[in-house]
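Engineer: Sequences listed follow chains V and A, in order. Using the working numbering, the first residue of the first sequence is number 1, and each one after it goes up by one. Using the working numbering, the first residue of the second sequence is number 602, and each one after it goes up by one.
Treat the hints as calculated values from the structure; they're not laboratory data. Just so it is clear, the structure is predicted and the values come from calculations on it, not from any experiment. Treat each hint with caution, since some may be false.
Said to hold, decoys possible - Some chain A residues judged to face chain V by a derived CB distance under 8 Å, without partners named:
1) P816
2) Y856
3) F915
4) R919
5) L958
6) L965
From the three backbone atoms N, C-alpha and C, an ideal C-beta is built for every residue, glycine too.
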Amino acid sequence: MSTEIFRIRNFCIVAHIDHGKSTLADRMLELTHTVDQRAMRAQYLDRMDLERERGITIKAQAVRLLHEGYELNLIDTPGHVDFTYEVSRSLAACEGAILLVDAAQGLEAQTLANYHLARDAGLTIVPAINKIDLPAAEPEQRAEELARLLGADPAEILHVSAKTGEGVDDVLKAVIDRVPHPGGDLHAPLQALIFDSAFDTYRGVITYIRVKQGTLPSNAKIKMLATHVTSEAEETGVMAPEATPVDSLGPGEVGYLVTGLKDVHHAKVGDTITLAGKQGAAVPLPGYREPKPMVWSGLYPADGNDYSALREALDRLKLSDSALVYEPETSQALGFGFRVGFLGLLHMDIVRERLEREFDLQLISTAPNVEFHVFRGAEEIVVHNPAEMPPGGDYDRVEEPVIYATIITPATYLGAIFELCQARRGEMVDMEYLTPERVEVHYLLPLAEVVFDFFDQLKSKTRGFASLDYEPWGLQEAKLVRVDILLHGEPVDAFSSVVHRDKAYEYGKKMTERLKELIPRQLFDVAIQASIGSKVIARETVKAKRKDVLAKCYGGDITRKRKLLETQKKGKERMRRVGKVDVPQDAFIAALRVDEGAKKK
Amino acid sequence: MSAPGGIYVHIPFCLTRCGYCDFNAYAGLEGLRPRYLAALFREADLAAPAWVGTEFVSVFLGGGTPTTMEPADLRALLSHLRERFEMVPDTEVTIEANPDTVTEASLSRLLEAGFARLSIGAQSFDPAVLRSLERIHQPTSVRAAVAAARRAGFPNLSLDLIYGANGESLGSWRRTLDETLALGPEHVSAYALTIEPATALGRQVAAGQVPGPDPDLQADMFLLACEVLGDAGYAHYEISNWARPGFECVHNLGYWERRPYVGLGAGAHAYRDDVRWWNVRPPETYMEKVESGELPIGGSESLDPSDAYLEEVFLKLRILQGVPASWFDAGRYEPYLQSGLLVDDFGQLVPTERGMLLLNELVLGLTAG
Ligand SMILES: Nc1nc2c(ncn2[C@@H]2O[C@H](COP(=O)(O)OP(=O)(O)OP(=O)(O)O)[C@@H](O)[C@H]2O)c(=O)[nH]1
Ligand code: SF4
Ligand SMILES: [Mg+2]
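Just chain A, same shape as in the assembly (with noise of 0.2 Å):
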């Protein structure tokens, strides 16, 4: 038997373009909206029979803004995957959400359709930031989007939180980890803003109209985000994921262990037996190609075993699992215990606090030559 596989859908539509967003996900194309969800069932269908004998233990719908779509759509979507695709019983199904797009009403109705887990953009609860990410929502969205899923029933939250935005301070952001653990969510995802060039934000930092990001006072937000949920329970359990025992996020940890995964939709990733391929990005193209019967394959890559290993120590390390010490010389890791980035842990390295902080300084230094 294979190992357990997870289900990705990509659905690119969102109210509007975040600034800071690199994702694959448009404003404005809410037309297309029908046309791709036909897109979505026949890619299904045409996917499906090179996945037999897989058994799916998560399915995650991710954008984009995935609530943008109607749930009686959402709900037929996931019949047709559960129809197409072995799952298990109590398959964790995740949907992303923006504040301002969910309804007790509509997350009523999603719960209903299967949608046990709802993954709330919250980002932050200081308006300033939310105004310097350009996110369109309020504080108070977030606060009404949780109390109206927790109304509808949903037994499983999580909110994500963005850190590090212009104008941010660590005072700000103290707060924001304080709000968030006052709604009580069962899991927590914080980032570090990363500003990526072919964003607009990108551009307004390359041309020095807003500052990028200081690193050190990220650092000291992370190291203040581990004090914080860890002293509320939540247990950190990759770098940038917090959850209430038992309630880790199955599907994104098929990524960093490596689990086979299904990606539909513009641009999504499959991966299975070290090979990751990728359908193509513009939902024009994906649903022209899907529509003529075609798989709307992009791109692939075969992982060579340096490439393999790479991701293996690199994603071990990102889930604080750690990677054997037998793997490397010791000359290769000492010096990281001795300066307190790495602990030994019964044969395996596992990064500390600070080691996290500096990870891929890590990989590259235990992997170099």
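Extracted from the complex, chain V is given alone in its bound form (with noise of 0.2 Å):
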């Protein structure tokens, strides 16, 4: 038997990144006992390694817990700005969402992008102020500006620490008071919607659903209505916190069902299953918007032969990863690859870093770039390629995306903020007080002046305190060039770019000197350069090398010293040669991160 429908609350947590959302659903899993105490750790819905390396959540989880009574489904979202589509998709499976605010920090950008996608998506906000706990909060003053911003009583706001689980039971409270249950006919056809999806290789396509109407039970003959497969199901079940059968789901509820499918095109995020045949819906539920790439970045196998590899392991991560797109290409420097469209370079770095590790895949990646508009008489070309570009001359103007950019930031700063958002070529927007000591800055940006290292210079300018989100907003006519860079004498078309006109020249050195440090000595002297069609408008020489040999062989240790001209056989072989020139791997992505923000973070 499934819940009774009003015994259940479906939410989610949301807030700014680092505001304590995957630590509050700890607290939540102790006190309704769904993890066993000796199981607990921290950030426990964090499950991927890649998470708790990084200390943040990639990807939204939902889980069941189960309160007084009632059936809580709780969903944990990511903060980054990367993954603002994770938040989407969580909220449609949702009646209320937690809006967490960290009572030190006070309100951030994606305080406000969350806020604001939660209440658009018709949710009930619990507000509330975490980590009260800290010597650094004033949670009454938190509480008054978020109050302000919701339009409610600061009475209503709550006031936890998901460190100490002092206020959690309020919160959960609260979430069983003020979050309507979810509607839904229970004898009406099955409407169930994928907000996620995983691959297993045992048991095939696993999809995460919340069911809309109807009821679906274990086992039930399936059908895709966007892409109209059926399919026998193997077992629904719910998240407690681990995979855990149940007979049915019933309207309202949200968990998981193991959907038969082998083939991951045919179980889309955003599709609604229902049964197969006369019982079955007709009607889909509205899906999601595509998410739209950011920033493209050609990836290769390191070793040519593991490109079929590396397609299979895309399409596998894309099915736990709806937003990751790609389409194959080929470059005479790396052979044949991808290029593949990213939300951000957070989301870039992930994707690459999965890749190598759960299908054992070494990849080059090539720098990162946004997509070009060239528009010539009639026609429109999509670049996602910066070798792609057309030379100049060769059309009439060429567009680049734009976003409309969020930042929140101590007043102080704003002198800093405005100098770099004019460097940026941004133009603002509005700006309003939201304290007197917090201001709330909009401008319209270049995507391709913010998506590199702009976060990183917009914290060093302000020493930590001001924080962006972004949203797309247009194409917006620009004076870009394609700089390409060449090796002795050849053009390396993976190291091509598109920059603005004014910017080329400063470019072009900075990559040539980059270049300059990343190419070991050769056996003869290797000139870079740096050139706009036939210009060359940068240049580096790297100097033959002469000197490379073991000093000392003696002592019978011949068998190390052997060693260490395999490893160095070895490093030559991970290179790529570019017509003479040996090029290591990494200089294909370390190059262009040419400001010395070269990040990892």
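Two chains, two frames, a set of hints: combine them into the complex.
Structural biologist: In structure tokens, the structure reads:
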């Protein structure tokens, strides 16, 4: 028997990055005895190694809690701007959202962004100030600011410490009291929204679903309304917090379905599952807007033989990361690979690392770039790879993506922010004081100026106090040129880049200097040139190497000397031969982080 | 009959530990000397039966600093080795020494005991360079040690030099070479300072506290050594080794010519017929194993044909004998002939001085694929 509908609450936790969502979820898991005390660990729901290493949530996680006769379906969401799409998808499975604010930090850019998303999705907001245990906490003041944002009474704002557990009980109580139970007719034709999916080697495609109406029994014959594929489902269940089979999922419930499908393309996130045959629904639920990639990068197997393994891995990963898009491409320097679209640089890093770890691949990636729209007569060409940008004079105009940025900052740093945005070709839209000390500024900025190191610059210029959120705004004409890089006289397609005309020289100079550091000395002088068309704008030389020999070779330990040579040989083999020049694989990505901000966060 | 062999004996004791050194050497373990000596005797007993039938042409006491041991003990050790291993009458017997560990008296006793070749760790005649290497001796003690050795009657002296330490200029290196020549050694070894990561100096360089050697300057220093030593009549017979005719080091040539060798002592290596094995490194473990009647082997490797080939090419090029051109496709070596890194000497590919400096490149280029 599934739970009576009025005893179900579906809610997610949303907040700015690091404001304590996953830690609050931990306390809820404990309080409801969902996780055994012995099995408990910090940020329990951050299950991926990468999440634990980086201390951030990457994927939303659904879990069922049983509390005082209620079934509480909780979704913990990521806070980083790259994963806003995960938040939107989670919201569609919920009636309520806990909006957390760090008692020391106060309102930040993703607090606002996530609040707006939850409000627009029609969710009941349960606002809470977290980390009240911190010495620097100012809960009353933060509550007032939050109340002002929400147009609520400060008395409605809860105060919690996800660290000590103080107030967590009240949060659950508020969820039960304030969040409406889901609707949905038990006997209507089944409509279940796929809000996430994963691929398991043994069980095939697993979808995470929210039943909107009707009932999904175990072992049902199911149909996907968008792809029209049918399948014998193998199991329904809930995450509590590990996969736990149940007999059926009723309206309003959140759980998983082992679909019986083996082909990852058949179960798309955002699709609607119904029952096959006459009793099925005909109309799908409103799905999701496909997320739009913000940055593109070429991904190539370090070993050319791994091309099909890479394709397979991307297909698999796509199933648990629906924001991933890719298309095959070929590079003279790097061979066969893919042009891959990402939601941001963090997303790019994560995808790359997951491909390498989970699929045991060695990859070379090219520097990320945004897309460009090239107009020639009536023709519009969308360019994802700078090397494909037609040479100057061969088109009427180029447009680049522009974003609408929200920056929240202490008023004292406004000057620094104006300066930064100006240097990045930004255009201020408006500005609003949230409190006398805290300001919300909106800018239109070219995406290309924001996506790489803007955030680092913003943080360093405001001593970490400003936060940034952005959303796509549109396209805008810009004076862009393609800068090519030549090694020993040969252009290297993987190094081409599209930059603003006014910054081309500076870029060319930095790029050649950086490559000079990255390219090892060879047996001959290697010229590194940056050019626009046939005009060279910067040049460096890697002088021929003169010494590469083991000094000492006695004492009988020849083994070690041979091993050193073998290591050197392997290093050489890992390099890409571009024309006559050996280029280390790292150069393809590292070179483009030309601003010393070359950061690994 | 198998090829003539060499015996290497490792003495791991030093007065202090030099910052650049990654040898199996320890300061402050002097107390272990008697026990260590006994272990060497015992190991020789254990190892010798397997070497029956091999004729030995060299013994080399290296370290560490072998001269931290008493001459009487070293004498006993050498005669024990003569009893256990079959040696030719004119076996080359070398002992390494550091300047401040020898006197005319101790050297006379060593010579008398049969150590006829003395290799002195001079390193440099520039006090600043010696300091930067954390060597405790002064240039004067090198001169004193050489003079003492000559007075004691040593017919065969070698000086070890290191170039490219922090602060050393080409001019300073030239003075070191000149001072070396002034002492008239029969043999000179000159090594480019190499930064080993697992050393004090390696960590300082990694942390950016000390600049690493400039490879271009070291290249110039190498070429200068070739010039100065060559002009003075020393033959360049291995990348880092020069000798007056007839004074090439028989023992070290054994390693490079891939002849068999026994290794006795902590961490010592042995080799025969494409098998190499080595003793455990920590002196304490080494002694325990030997004392329990066990050969103190820490590891071994069997060279497969490709390992053996790589070693052959790399070592033959090092000793400037060269390798037969017929081993390679012409396409592999022709570019090096053209760029002047190799010369074709009646069918043997021999590195030029510029080629010696790029030997790793040559080896990898020739054997690639
Ligand atoms: N002192 C204190 N620290 C807290 C509290 N809640 C969370 N933290 C700490 O804040 C940091 C971030 O916590 P998380 O729970 O990972 O934050 P998050 O919102 O899930 O972060 P993302 O998923 O990356 O957006 C961790 O170091 C937590 O230990 C709290 O109530 N008090
Ligand atoms: S004297 Fe020689 S073996 Fe001893 S520590 Fe110094 S360099 Fe190393
Ligand atoms: Mg989290």
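Engineer: Does the structure break any of the earlier hints, and which numbers would those be?
Structural biologist: none
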